[in-house]
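The sequence shown lines up with residues -24 to -1, 1 to 149 when you count with mature numbering (1 follows the signal peptide of the UniProt record, and there is no 0).
The set of hints was computed from the structure by calculation and includes no laboratory data. Take these hints with a grain of salt, some might be off.
Below, in silico cross-link-like pairs of lysine-lysine (BS3-like), each with a Cα-Cα straight-line distance of 27 angstroms or less [as the list claims (entries may be wrong)]:
1. K49 <-> K62
2. K107 <-> K62
3. K49 <-> K79
4. K62 <-> K79
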Amino acid sequence: MKPVVFRFLLYLLSLGGLSSYALAAESAVIEAPGPLGPLEGTLVNAGANTPVVLMISGSGPTDRDGNSALGPKPATLRQIADGLAKRGISSVRIDKHGMFSSKQAVADGNHVTIADYATDVRNWITVIRRKSGVRYVWLAGHSEGGLVALASAQGGRRYLRADPSGRCRSTSG
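Input sequences plus hints: build the corresponding full structure.
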């Protein structure tokens, strides 16, 4: 395992033991516009003027907490969001359109594309910026969510992306 990836994993594991040092973050359900109805997500607000990470789940029937409808329910994305809040970072976890609380956003959740999900992410960014007042929204995607994050970064703005190897690149869309 590369040293940068190992250090990042150690950092994520360390987030769980900080509860006695942090104030409780507020959680609330929020909505963004979808194609045929609202998309739902959970905002974990770590406080005013804190950075915000939009967390995009992976492929298949995976909910905003990172749980698969087909298997165990470790709630990994929720745990990461809680750990980030303890470090003063707000987050939004979302249900992909056609799934779970966002199923009403499309007629058939099995007929969606990466481009559809990328449009949803851009809508979420608009909502997050309006609600929080932040200028930038960080994107964190797992598996398919990583691909969606990259696809949503297309379109004329400037982005900085980092990958698990520790390399950062500045790109223009």
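Are the Cα positions of K62 and K79 separated by 27 angstroms at most? Since the Cα atoms of K62 and K79 sit roughly 31 angstroms apart, the hinted pair is violated (cutoff 27 angstroms).
Check the hint pairing K49 with K79 against an upper bound of 27 angstroms on the C-alpha distance. Holds - the C-alpha atoms of K79 and K49 are around 20 angstroms apart, at most 27 angstroms.
Can you confirm whether the C-alpha distance between K49 and K62 stays at or below 27 angstroms? Holds - the C-alpha atoms of K62 and K49 are around 22 angstroms apart, at most 27 angstroms.
Taking only the CA atoms, is the gap from K107 to K62 under or equal to 27 angstroms? Distance ~20 angstroms between K107 and K62 Cα, so the pair holds.
In the structure shown, a violation is registered for the earlier hint numbered 4 alone.
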